[in-house]
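Visitor: One letter stands for each residue in the lines below.
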Amino acid sequence: MTTALTLGDRKQMYRALWRIRIFEAQVQRLAAAGEVPGFPHLSTGQEAVAVGVCAHLTREDALFTSHRGHGHVLAKGSSLQATFAEIIGRESGLCRGRGGSMHLVDATRGVMGATGVVAGNLALAAGAAWAAQVKADGSISVVFFGDGATGAGAFHETLNLAALWKLPLLFVCENNGYAEFTSREEHSNVTQVSAFAAPYHVPASTVDGNDLLIVHAAAGEAIARLRRGDGPYLLECMTYRMAGHFVGDAQHYRSKEEVAALKEKCPIERLQRHLTGQGVTQAELDAIAAEARQEVLQAVERARADPRPDPATVRDYVYSAPALATS
Amino acid sequence: MTTALTLGDRKQMYRALWRIRIFEAQVQRLAAAGEVPGFPHLSTGQEAVAVGVCAHLTREDALFTSHRGHGHVLAKGSSLQATFAEIIGRESGLCRGRGGSMHLVDATRGVMGATGVVAGNLALAAGAAWAAQVKADGSISVVFFGDGATGAGAFHETLNLAALWKLPLLFVCENNGYAEFTSREEHSNVTQVSAFAAPYHVPASTVDGNDLLIVHAAAGEAIARLRRGDGPYLLECMTYRMAGHFVGDAQHYRSKEEVAALKEKCPIERLQRHLTGQGVTQAELDAIAAEARQEVLQAVERARADPRPDPATVRDYVYSAPALATS
Amino acid sequence: MSQTFIEILRRALDEELARDPAVHLLGEDVAAGGAFGVTRGLAEKHGQQRVRNTPISEAAITGLATGAALRGLRPVLEIMFIDFITLSLDCLLNQSAKYRYMSGGQLAVPMVVRTQAGAAGGAAAQHSQSLEAWLAHVPGLVVVAPASPVEAYALLKSAIRLDDPVMFIEHKRLYAMRETLPENAALPRIGTARVARAGDDVTVIAYSAMVGNALEAADTLARSGISVEVIDLRTLLPLDMATIAASVAKTHRVVIAHEAVRNGGLGAEIAARIGCELFDELDAPVTRVACPFAPIPFAPELEQALLPNTADIVRAVRALSG
Amino acid sequence: MSQTFIEILRRALDEELARDPAVHLLGEDVAAGGAFGVTRGLAEKHGQQRVRNTPISEAAITGLATGAALRGLRPVLEIMFIDFITLSLDCLLNQSAKYRYMSGGQLAVPMVVRTQAGAAGGAAAQHSQSLEAWLAHVPGLVVVAPASPVEAYALLKSAIRLDDPVMFIEHKRLYAMRETLPENAALPRIGTARVARAGDDVTVIAYSAMVGNALEAADTLARSGISVEVIDLRTLLPLDMATIAASVAKTHRVVIAHEAVRNGGLGAEIAARIGCELFDELDAPVTRVACPFAPIPFAPELEQALLPNTADIVRAVRALSG
Ligand SMILES: Cc1ncc(C[n+]2csc(CCOP(=O)(O)OP(=O)(O)O)c2C)c(N)n1
Ligand SMILES: Cc1ncc(C[n+]2csc(CCOP(=O)(O)OP(=O)(O)O)c2C)c(N)n1
Ligand SMILES: [Mg+2]
Ligand SMILES: [Mg+2]
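Protein chains in written order, with this note's numbering: chain A, 285 to 611; chain B, 285 to 611; chain C, 141 to 462; chain D, 141 to 462.
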């Protein structure tokens, strides 16, 4: 099934891209101002993957993401305010301020968790897929990870398991050409991540991850297979992170020219060109972006006004029952 | 380089197969008599891989093996007596009785170690290959492992590293169709282990591991590449373990017919047929086997007479200096 | 009718599989009965979907169990030897144990990891370890180590019903031990120790296979008029300090016995707590009987020389009561 | 001229690379300077063959370093966060630590694993842990945790020269600390603690970043006339009990301070040993200042509420001397 997108859908997606872009710009801005604890990783430049894939998911589907997961969580439907509140450590945050940027969970929307350990939750995503298979409720599981994660054994162990058990698991690799400061050539001898699927007889493809319509179509086909019970699929999306590895990264490892050249590839501009070609006026596009901006800024301001967690509650949620807690 | 084998070489190898076969029969016999601690794993039926590969190695080459490593160690040149003494826990054993069947080390012969953790030393073998590369002494590193080990992430991580760094590392997979009681179909979706090499652009092949001459030729070519500095190679040898997974295995998971049918494939009988075809008389073949038998039995008897370790030395060899030891 | 530890574990798993459709077993060879036969016949009875063989992928199967637990299953995972739990630890430490906390209480990980530990018969350095102290240092985990078949039955069932990740450690030396399961045995609460033998002079705190040694030592010592109270911890995390305190208040002397190496073993935590919380109760230093700091050697003479045993406990108790 | 902890580590590595051609650095991003800049410039100076980037493969690179050490190199491996040491543990526990023993003394593993631990600034549950107690429970390993740049310099050089696998734990809060390296500083012997401040009333035993808190607490307490002796352990395995004993013989009161969770932390072992070996010296229970048993939360208020600090040490010392 390739979902036919109406022009309205495409405008919605344009807006979704902007929401993520602006949301993360706010993370960056407030991080510079010292309001964001930790070291958040932005997905700026990679938003099309999040929006293109998540468009096919329902709340019942499980989503797992990496350290670079803000976009995925928003695209899956989590509240802007609660997500931002989590990233700045508020009690109103998705995880009551316990998790932070790298550990976003929103169970009611099927956001099952992010991880700060590279490749650390691929197998968890397979477990969710297994649960879906057992329950036979038609839901699937999706896991986002980077090219660097393919160096980790957990990726390969999970691929084997998913293939063997025919799990409804979509592997989405966001191949942005870097693992931190190390380029792909220096961390892997493998030309395309999708090539890893072949030995397992798992179908796979590599697509332009900065073209939302291409990602959407490819993800649609892959997910349709999954829902039919055909087993896992590996979707590699070629993309580029326009921001540093984390907020504050001096980016010594890549040239200004490289970054500038790749800004060309910006998925938002790409979709904008497409929409303009479809006759959407610049004024309308600007209005969509402005609306998204407005919505995000309001959510951010509300999150900033939200209360901080009560230190007295710091030891809550360790065990199912207080009797199990240990000093 | 494909080493041309003289008839004399082939007779030597016939003898080498018998040495391993008889050695392990003695392990089995004495295990039944309660003289072998632990749970040794026999390579009965898989000897051609050990002999065919190790024929190309020198003492300077590093060898790493698995829990099923007696044959590899003997083929690399370790003493029958010291190896057996280790397996029955004597002070004269390769590791002074500290290691046992699953932890054979004979550093002077380049036997760098066996492991009881499946896939636990593939990366160590890569490290030895890295050291060889740094020293540029022309030596290589070889690691033997089973088909089950390909389920472990360490295998894939090591393959990537070896490919990326162009390490002189020969991966030898003894694919015997089982991981303990679980058949290959149940533990992997991958038809041939050699297929794992392709994404990394690592050359690989799958050969009949029960045909010594085929193994010898394939290993010869692979090792010649390694010595030329062409990077790693993955050699998959299809074989069958004629014995149980460990001594004492009731083998509920496979039928008597399957085992009987596969005895046909016995690498010793195979080489025997070849040698007969080359005009070697049955009498000569029998004499070779009898000599091997004699040699092994003598070594075993000597090992059995060897002294046991002194309990007072149990805490030796933990650290480089006594000052570092802790109670 | 008496049953072995293995048979009673199987019975507990069988009953839990029948009771709750969310319970699933997985691990290497478990559908083929498992390396030690614990799961024999369960795949045939409950189906290959409920009792599943896995590849040799400890990391991924631990993650698989964790992810499935997040989505409503109650997986019981078998890790064949505790020595290989190293491969599961990233998941256990960084995911399974922390999920409830990191999600602010949104999610739970109701899973059990059954594993087998300890030294016996030349299993050697990589198949003989006792690593429970690592697990007991992880907030979010529960650690259980039964000392007898009947205890194991009840604790395994309780563990499966708990909404936390439970590490369930079986000792290879106990597998052949036989007991008869009483009818309608009450399930003990996880987190409670038991007094395995009452006594007045010295408290010996033990768990897993060492409880047997402690009871043996108590018998021996009784013959010389020393009355030993033996506490079987059962749950290693959390520790039942109330039961310990009650005993120390009576005996004022403590020996802690475990098979793991002494340095950094669970005995350290117990001794530290007793030394701090029960300082005024102590008439003598808290003594630990444990493995000296070395890997487990292969040769039987060496293995026996290294492992702590009943005689070591007897000696330690005598030294305190002397 | 003063240098930061990071700069001094770099200097030690630089000198060791120059001194011994067997020394090689490897790890994720190390040729690009490393995530914290410790190795900046070293690849340029010593060549990409001596300072190598690796894939994100903690298990394999630990094995790689171990295998290379078996064959004569002296690898210095960087594991970016101690939280990821979980992925190295199979190799460290089952191979690196045991090789000498299992081979009956044939082989050695002269390697150093540098890693970075501790909580600061909202790094959250998976980037803030203190897992040294796990490592200190492994026979065959050596564990070092410096408390200052000058100490780190000397200990790192000693570690590289040792013929055993050494875990070298750096604390993220110390990275910006500055000190001036004295000329021709003697290298301290691994396995020896130091008295960081002499005192008479109470001994505070600490290591890594907590030594700073202990010294701060000692300053505060000095103002109310309580004289605190601060011991910096430096080496966590093996423990220097002689230095501890000398201090306890003087003060008879002990506080142990570490950032790791109390339950099963290194303080347990230290307290247990003091309680046993120095029983008659103690005038009060050995107290532990450590992290309560929970994962490290993200929000700063929660993080600060959980982590042990100077005030906690002050309070613990006062309670003992009160
Ligand atoms: C197991 C582990 N090792 C190292 C790190 C440090 N680290 C964080 S992100 C990262 C690079 C990840 O690269 P990739 O998977 O390509 O994701 P990207 O950051 O490019 O989105 C590394 C090495 C980590 N978080 N986990
Ligand atoms: C990490 C790990 N998991 C499980 C085991 C238990 N085990 C020992 S051998 C084995 C099967 C290995 O299969 P394979 O690699 O094909 O080697 P084979 O025994 O067939 O020679 C298993 C699962 C182990 N030793 N290590
Ligand atoms: Mg990347
Ligand atoms: Mg096999």
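Some clues are possibly wrong.
Restricting the straight-line Cα-Cα distance to at most 20 Å, the calculated cross-link-like pairs of lysine to aspartate or glutamate (EDC-like) are [unchecked claim]: (1) A:Lys450 / B:Glu470; (2) C:Lys312 / B:Asp533; (3) D:Lys312 / A:Asp533; (4) A:Lys450 / B:Glu469; (5) B:Lys450 / B:Asp421.
Because the hints were derived from the structure by calculation, they are not lab data.
Visitor: Look at each hint and say if it fits the structure.
Guide: Evaluation of the provided hints:
1. A:Lys450 / B:Glu470: The given pair, whose Cα atoms are some 12 Å apart, holds under the 20 Å limit.
2. C:Lys312 / B:Asp533: Holds: lysine 312 of chain C and aspartate 533 of chain B sit about 17 Å apart, inside 20 Å.
3. D:Lys312 / A:Asp533: holds, 17 Å
4. A:Lys450 / B:Glu469: holds, 13 Å
5. B:Lys450 / B:Asp421: holds, 15 Å
Hint violations for this structure: none, all hints satisfied.
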